[in-house]
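Participant: Please take these sequences and the hints and turn them into a complete structure.
Chains A and B, in that order, are what the protein sequence lines are. Residues 1 to 381 (the numbering used here) are what the first sequence spells out, left to right. Residues 1 to 136 (the numbering used here) are what the second sequence spells out, left to right.
Because the hints were derived from the structure by calculation, they are not lab data. Owing to the predicted nature of the structure, the values given are computational and were not obtained by experimental measurement. We put the beta carbon where it would ideally sit given N, CA and C, even for glycine. Take the hints with a grain of salt, since some may be wrong.
[Claimed, not checked] Ranges between beta-carbon positions, derived for each pair:
#	chain 1	residue 1	chain 2	residue 2	range
1	A	A125	B	G34	51 to 61 Å
2	B	C33	A	H116	36 to 46 Å
3	B	S41	A	G184	46 to 56 Å
4	A	P178	B	C47	57 to 67 Å
[What the hints assert, rightly or not] Far from chain A, some chain B residues (derived; all Cβ distances over 10 Å):
#	residue
5	A19
6	D51
7	R55
8	G59
9	D101
10	A130
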Amino acid sequence: MAASAKAAIVGIGQTEFSKNSGRSELQLAAEAVRAALADAGLSGRDVDGTVTFTQDTNDELALARAVGIEEIRWASRTPFGGGGASATVEHAAAAVISGMANVVVVYRAFNERSGHRFGQPAQQARSAGFNFYLPYGLDAPTKMYSLWFQRYMHVYGLTNADFGLYSVVARRHAATNPNAWFHGKPITLADHQNSRWIVEPILRLLDCCQESDGGVALVVTTAERARDLRQPLVTVEAATQGNVIDGDVLFNYYHPDIARFPEAEMGARILYETTGLGPADIDVAMLYENFSPVVFYQLEAYGFCKPGEARDFIADGHIDLDGTIPVNTHGGLLGEAYIHGVNNILEAVRQLRGTAANQVSDVRHVLAAAGRSAIILGRGA
Amino acid sequence: MPRVIRPVPDLDDAFFWEAARDGRLVTRACAGCGRIAHPPSPMCPACGSVDWTERELSGRGTIHSWIVSRHPSQPDDAPRIVILVDLEEGIRLVSNLREVDAADVSNEMPVEVFFDEVDGFRLPQFRPAAAQEVSV
Ligand SMILES: [Zn+2]
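Facilitator: What follows is the structure, encoded as structure tokens:
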């Protein structure tokens with residue numbers, strides 16, 4: 001996108017992250033959106049667009065009624081669950097840059113622990129798309145994804161303890177983030193190896209994201225308008241989705257080489273081509289991790305290290321707060337909370353504003369990648 | 001015995017489950033250009049044809065990846081080995097591996113299909129390939 005027509009994230013807001021919010025998902029969405037608007041110095045009256053996930057239960061009109069959005073010109077939703085988390089910003093940016101809307105709120109809110117839990121095994125048939133998997137026992141995301149991860153382990157000679165290297169980093173970052181559910185609770189690799197098997201020999205409990213209740217929201221408008229608002233300028237430098245023929249969200253088994261992540265490689269190619277940036281120009285990375293191995297795939301897909309080198313890259317400290325590319329500085333979905341990846345985008349904004357709990361110095365570009373969608377945010381001049 | 005969640009076949013995959021009931025592992029071949037694919041799709045991306053014929057598969061392949069499926073609650077209260085198989089026809093599909101301990105499973109292991117009733121439902125299952133096929 002041309003420099004003269006950038007979008008900007010001008011407000012962020014959230015509820016607390018918990019295991020039992022005690023309130024409706026709509027209330028969580030409304031609280032997060034209201035907080036994001038207050039952060040931006042705007043009100044519901046300024047909003048004319050909404051973006052959320054196809055999976056979000058909160059109706060746009062019900063949200064509008066709660067927070068006082070009088071007219072909606074743009075309402076859209078992103079597919080593919082958490083893989084599409086960063087596509088919400090792509091939608092919102094497209095709306096404001098095209099002039100189809102002026103101020104768009106992105107929201108994602110759910111009671112994913114106290115209400116519907118995504119990780120529970122299926123008990124009955126779903127749509128026909130599940131026919132070739134459920135009868136054989138692939139009945140939960142842990143197992144569905146592990147059949148993909150096992151190939152990576154085989155090709156590169158990894159064991160589950162190698163995945164634990166990431167879990168330790170995520171929990172260390174969460175330990176010093178007061179916003180994180182696991183604030184003050186770091187783990188060791190021994191803790192990881194003592195946690196129970198979820199899918200042997202691939203995933204242990206401490207490789208899995210949390211189950212969380214909570215809501216988060218972002219406010220997006222043009223960079224031009226953002227200059228008149230109260231927060232430091234955070235621009236959307238590039239945004240894309242990454243979807244490749246013969247791919248699948250839950251059952252990504254059909255690409256020729258499943259020790260790689262072609263969807264993330266596509267996202268990397270487009271983001272780097274669009275911005276002229278490369279991996280060395282990214283100062284902090286938010287990498288969606290429903291399960292720890294996805295960080296390994298994405299570190300390689302985005303060119304931070306070569307295929308098969310993620311294990312050593314993490315072991316050598318590159319993704320630590322003082323490393324060459326700090327990753328998930330808030331603790332990620334393992335350490336902070338599982339708000340379907342959108343909480344990662346809030347942390348990207350905080351790093352660019354200079355307000356993160358674990359602030360990295362002189363942050364200019366942050367990647368927020370969610371497997372099937374990704375954005376690069378920049379610090380405005 | 002694990003509990004088998006029954007498929008809910010639609011117009012694009014009912015042929016697979018009907019063949020499985022008869023003990024045959026099949027896929028669709030494009031009537032226009034002969035291309036095969038799994039999972040099945042209603043249109044051939046190579047030639048645009050929506051016509052197809054059923055093609056019987058050898059049932060021989062190798063293990064691309066595998067896991068042990070075990071869960072403290074239903075449906076897999078008993079462990080099952082789930083495998084991703086590279087069939088020699090060049091397509092990949094998910095099934096179970098039987099007649100072998102998890103400790104003896106390895107990637108690239110040659111396997112062959114058989115059909116068995118699991119929880120009262122006939123499913124394609126795989127087992128280590130017979131010795132003479134391994135030595136080829
Ligand atoms: Zn064809």
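Participant: Return the numbers of the hints above that this structure violates; sort them in rising order.
Facilitator: The structure conflicts with hint 1 only, although it agrees with all the remaining ones.
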